[in-house]
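Engineer: Here is what each chain is made of, one letter per residue.
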Amino acid sequence: MKQEILTQFPWPWLPTLALVIFFVFFIGLLINVSMRSRRPIFDAAETLPLQEAQKFGEKL
Amino acid sequence: MSKTELHQPMETFAYDDEIVKQFSLATIIWGGVAFLVGIICALQLADWHLNFGLSWLTFGRLRPLHTNAAIFAFGGNAIFAGIYYSTQRLCKARLFNDTLSKIHFWGWQLIIVSAALTLPFGITQGKEYAELEWPIDIAITLIWVVFAINFFGTLWRRREKHMYVALWFYIATIVTVAVLHIVNSVEVPVSWYQSYPVYAGVQDALVQWWYGHNAVAFFLTTPFLGLMYFFIPKAANRPVYSYRLSIVHFWSLVFIYIWAGPHHLLYTALPEWAQTLGMVFSVMLWAPSWGGMINGLLTLRGSWDKVRTEPVLKFMATSLTFYGMATFEGPLLSIKSVSALGHYTDWIIAHVHGGTLGWNGFLTFGMLYYLVPALYKTELYSKRLANIHFWTSTIGILLYIISMWTSGITQGLMLRAIDSTGKLVYPDFVETIVRIAPLYWIRAFGGTLFLAGFLVMCYNLYKTWQLAPKNQKQDLYQAPALSKAIPADDNNSGPWHRRLEGLMPAFSILVLLGIVLGSAIEILPTLIVHTYAPANSKVAPYTPLELAGRDLYINEGCYNCHSQMIRTLPEDVLRYGKASLPEESMYDHPFQWGSKRTGPDLARVGGKYPDLWHYRHMLDPRSVTPNSIMPVYPWLFDDKTDFAILTKKFSVMQSLGVPYTDDEVRTAPETARAQAMQIAQGLSADSPIKGLEDKKIIAIIAYLQRLGKNPELLNAAEKSEAQPAPEVQ
Numbered sequence: 001m002k003q004e005i006l007t008q009f010p011w012p013w014l015p016t017l018a019l020v021i022f023f024v025f026f027i028g029l030l031i032n033v034s035m036r037s038r039r040p041i042f043d044a045a046e047t048l049p050l051q052e053a054q055k056f057g058e059k060l
Numbered sequence: 001m002s003k004t005e006l007h008q009p010m011e012t013f014a015y016d017d018e019i020v021k022q023f024s025l026a027t028i029i030w031g032g033v034a035f036l037v038g039i040i041c042a043l044q045l046a047d048w049h050l051n052f053g054l055s056w057l058t059f060g061r062l063r064p065l066h067t068n069a070a071i072f073a074f075g076g077n078a079i080f081a082g083i084y085y086s087t088q089r090l091c092k093a094r095l096f097n098d099t100l101s102k103i104h105f106w107g108w109q110l111i112i113v114s115a116a117l118t119l120p121f122g123i124t125q126g127k128e129y130a131e132l133e134w135p136i137d138i139a140i141t142l143i144w145v146v147f148a149i150n151f152f153g154t155l156w157r158r159r160e161k162h163m164y165v166a167l168w169f170y171i172a173t174i175v176t177v178a179v180l181h182i183v184n185s186v187e188v189p190v191s192w193y194q195s196y197p198v199y200a201g202v203q204d205a206l207v208q209w210w211y212g213h214n215a216v217a218f219f220l221t222t223p224f225l226g227l228m229y230f231f232i233p234k235a236a237n238r239p240v241y242s243y244r245l246s247i248v249h250f251w252s253l254v255f256i257y258i259w260a261g262p263h264h265l266l267y268t269a270l271p272e273w274a275q276t277l278g279m280v281f282s283v284m285l286w287a288p289s290w291g292g293m294i295n296g297l298l299t300l301r302g303s304w305d306k307v308r309t310e311p312v313l314k315f316m317a318t319s320l321t322f323y324g325m326a327t328f329e330g331p332l333l334s335i336k337s338v339s340a341l342g343h344y345t346d347w348i349i350a351h352v353h354g355g356t357l358g359w360n361g362f363l364t365f366g367m368l369y370y371l372v373p374a375l376y377k378t379e380l381y382s383k384r385l386a387n388i389h390f391w392t393s394t395i396g397i398l399l400y401i402i403s404m405w406t407s408g409i410t411q412g413l414m415l416r417a418i419d420s421t422g423k424l425v426y427p428d429f430v431e432t433i434v435r436i437a438p439l440y441w442i443r444a445f446g447g448t449l450f451l452a453g454f455l456v457m458c459y460n461l462y463k464t465w466q467l468a469p470k471n472q473k474q475d476l477y478q479a480p481a482l483s484k485a486i487p488a489d490d491n492n493s494g495p496w497h498r499r500l501e502g503l504m505p506a507f508s509i510l511v512l513l514g515i516v517l518g519s520a521i522e523i524l525p526t527l528i529v530h531t532y533a534p535a536n537s538k539v540a541p542y543t544p545l546e547l548a549g550r551d552l553y554i555n556e557g558c559y560n561c562h563s564q565m566i567r568t569l570p571e572d573v574l575r576y577g578k579a580s581l582p583e584e585s586m587y588d589h590p591f592q593w594g595s596k597r598t599g600p601d602l603a604r605v606g607g608k609y610p611d612l613w614h615y616r617h618m619l620d621p622r623s624v625t626p627n628s629i630m631p632v633y634p635w636l637f638d639d640k641t642d643f644a645i646l647t648k649k650f651s652v653m654q655s656l657g658v659p660y661t662d663d664e665v666r667t668a669p670e671t672a673r674a675q676a677m678q679i680a681q682g683l684s685a686d687s688p689i690k691g692l693e694d695k696k697i698i699a700i701i702a703y704l705q706r707l708g709k710n711p712e713l714l715n716a717a718e719k720s721e722a723q724p725a726p727e728v729q
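Taken in order, these protein sequences are the chains called H and B. Using my numbering, the first residue of the first sequence is number 1, and each one after it goes up by one. Using my numbering, the first residue of the second sequence is number 1, and each one after it goes up by one.
Source of the hints: derived by calculation from the structure; they are not laboratory data. These numbers come from a predicted model, not from an experiment. Fair warning: there could be bad hints in the mix.
The list that follows gives simulated cross-link-like pairs (lysine to aspartate or glutamate, EDC-like), each with its CA atoms no further than 16 Å apart [what the hints assert, rightly or not]:
{"no.": "1", "chain 1": "B", "residue 1": "Lys473", "chain 2": "B", "residue 2": "Glu18"}
{"no.": "2", "chain 1": "H", "residue 1": "Lys55", "chain 2": "B", "residue 2": "Asp475"}
{"no.": "3", "chain 1": "B", "residue 1": "Lys377", "chain 2": "B", "residue 2": "Asp16"}
{"no.": "4", "chain 1": "B", "residue 1": "Lys690", "chain 2": "H", "residue 2": "Asp43"}
{"no.": "5", "chain 1": "B", "residue 1": "Lys640", "chain 2": "H", "residue 2": "Glu52"}
{"no.": "6", "chain 1": "B", "residue 1": "Lys470", "chain 2": "B", "residue 2": "Glu379"}
{"no.": "7", "chain 1": "H", "residue 1": "Lys55", "chain 2": "B", "residue 2": "Asp16"}
{"no.": "8", "chain 1": "H", "residue 1": "Lys55", "chain 2": "B", "residue 2": "Glu379"}
DEER-style ranges, computed between Cβ atoms [stated by the list, open to error]:
{"no.": "9", "chain 1": "B", "residue 1": "Asp662", "chain 2": "H", "residue 2": "Ile21", "range": "43 to 49 Å"}
{"no.": "10", "chain 1": "H", "residue 1": "Ile21", "chain 2": "B", "residue 2": "Asn627", "range": "47 to 53 Å"}
{"no.": "11", "chain 1": "H", "residue 1": "Leu17", "chain 2": "B", "residue 2": "Pro189", "range": "44 to 50 Å"}
{"no.": "12", "chain 1": "B", "residue 1": "Arg666", "chain 2": "H", "residue 2": "Ile21", "range": "49 to 55 Å"}
{"no.": "13", "chain 1": "B", "residue 1": "Val516", "chain 2": "H", "residue 2": "Lys55", "range": "41 to 47 Å"}
From the derived model, a few chain B residues whose C-beta atoms are all more than 12 Å from chain H [as the list claims (entries may be wrong)]:
{"no.": "14", "residue": "Asn97"}
{"no.": "15", "residue": "Trp106"}
{"no.": "16", "residue": "Thr392"}
{"no.": "17", "residue": "Tyr459"}
{"no.": "18", "residue": "Pro469"}
{"no.": "19", "residue": "Leu512"}
Beta carbons: idealized from backbone N, C-alpha and C, even for Gly.
Please model the entire structure based on the sequences and the hints provided.
Structural biologist: Okay, structure coming up:
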């Protein structure tokens, strides 16, 4: 009976496809974020939560 | 500020902190309710007398109330408080619309009250973490849309071009929860307080656990990660450790999490490829989860001394530690051989509560310790009390999870123990309950300590509020308007992700694509196949009385303690009978496979005991099974079955594809009464029991006696397994 059910799902390659899609995406992402030229921008982004809006009446 | 921003006109605005105060208060109130109901449930498992024989207080009805209160009332309000506070500051803009904020707040509280007024009274869909009936489902959708408009509207109006990582997590939460809720809630109403989902059996199992696990992912993980990425740097006054890591962490988490649902269904009747998919992606999920944990913990480098002295950081650092523990344990439990031991046992309960109490609870407490003093412009009343809270609750969590690890592994090993002759060492399920029952007291004590610590926090925050200066003026802020141009000295030549962050719609669409791709590959193949049964299937749909009994089974929450899925494991087959076949639940809207065995599996209980046994068992379980911890159900013997509604129920089931004829639909009440009379007369023949033919107990007996009784189907399955497998095309 199990074999009969499985014949209705002839997609044993689906997990493999999912893994291929993920790894292509992931490696591309790693390459992009690893480039040395991006460092100053990343340093600025890291501090965003610490940059409060200026209170009204405060001088810069 | 960049040169461009310096040339923009300054705009004056005020943050809406009133809504944050409201959501924070709601978090505290509902947290108390959720923890208290949890302790009641824990005590009921330790001592069944604490069900008090009251229908609205039984474990089966209270447990869904606890899970909904903990996740959506406590967790939900905490998320909204934190998101609204942090989003305004990260965007340097007031929330999009004050009226939408009010609708969001009061609408969400009304949904929670609706849950409290329905679940204890048996009004439930019977789907875990999605028990609320269809009118409340619609309300959830509407309020979620209000939240989305308010959030995305604030992003649209922001004065800070770049969307900080916390905002990505909030976007992922809002987009994915909407998809999950809508897809999982497709149901056809029978009445104002009952509906049947369009999915059944295997398909419902897959959709439900795609929803269930991603409710954990995108309601209990991603928004809290967003809050973590904001509040830890704020409290430590340190920048986040690594922006690179946050990009990789975010996209990996969002992509991988959506595939993990099938790890709840290992060794079941789910197709093998779906089980493998769930397992592999669940194990892979360890990496991005720990990436987030590492990013959060290493943000504290250089300020570890503050973790010792500041309650906010103490709670948040500990929450990340529990997060790391839970996200290692989860992938471990997803491995098939580990799941074979741990599934259906208290090990899963330990895993859940390590995550919810440790990660979600402690992060929320840390956030509240930050927010309340900040919102009321004062200092925390007592750091000493906060420390007492921390240690009391931490010890409570440890007692909880250690007792449940012990209970789960003990029970798992006992249930799978087979002697040298091939027989079960512990053939009676209740033998395991006798062994682990003392641990239920320890778990209840641990939960009580957690609540005690929480109450200390409530007192501390109340005194903090009392100390706040009265008649505070609203602070005004200034920030330059966002430039619509992207000049050369801005990040026009920056990395693609940096530019993407500034494009909120594109970012949101990419997140949607990521989760929809995973969902589609996982679910669509199962949904496309209309039936799992061959053309000559021997499965008959439920009779009217059996369907009435099944709905009562759902109303009483029996699925909280009993599974109906015999796994393809020797210990399951030896104990309960042949492994469950997919077609046996093909007409179950919703499926009843269950996720926990506090009592034995019921998939093949039909015909195992006479009707009189079931009668006595529901009246007092101890009369047939000494040492049982099951509650008593006296109201089933007084309350009458609603026969009249069976026509409507059959009609809805027919519309969902169950092969009832029009005649069967029309005569459903009469057919049910006839079958009920037959069962009642059988009981009268064997005992002095009289006059039960219209009572609910008869419907329940009819349903239970039906479970697993498909002799032709099982014989056909045996013959099929004996033959060589056909070639797969």
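Engineer: Now tell me if each hint is right for this structure.
Structural biologist: Cross-check of the supplied hints:
no.: 1; hint: B:Lys473 to B:Glu18; verdict: holds (12 Å)
no.: 2; hint: H:Lys55 to B:Asp475; verdict: holds (7 Å)
no.: 3; hint: B:Lys377 to B:Asp16; verdict: holds (15 Å)
no.: 4; hint: B:Lys690 to H:Asp43; verdict: violated (80 Å)
no.: 5; hint: B:Lys640 to H:Glu52; verdict: violated (64 Å)
no.: 6; hint: B:Lys470 to B:Glu379; verdict: holds (14 Å)
no.: 7; hint: H:Lys55 to B:Asp16; verdict: holds (15 Å)
no.: 8; hint: H:Lys55 to B:Glu379; verdict: violated (20 Å)
no.: 9; hint: B:Asp662 to H:Ile21: 43 to 49 Å; verdict: holds (47 Å)
no.: 10; hint: H:Ile21 to B:Asn627: 47 to 53 Å; verdict: holds (52 Å)
no.: 11; hint: H:Leu17 to B:Pro189: 44 to 50 Å; verdict: violated (38 Å)
no.: 12; hint: B:Arg666 to H:Ile21: 49 to 55 Å; verdict: holds (51 Å)
no.: 13; hint: B:Val516 to H:Lys55: 41 to 47 Å; verdict: holds (43 Å)
no.: 14; hint: Asn97; verdict: holds (20 Å)
no.: 15; hint: Trp106; verdict: holds (28 Å)
no.: 16; hint: Thr392; verdict: holds (30 Å)
no.: 17; hint: Tyr459; verdict: holds (30 Å)
no.: 18; hint: Pro469; verdict: holds (17 Å)
no.: 19; hint: Leu512; verdict: holds (15 Å)
Checked against the numbered hints listed earlier, the structure breaks hints 4, 5, 8, 11; every other hint is satisfied.
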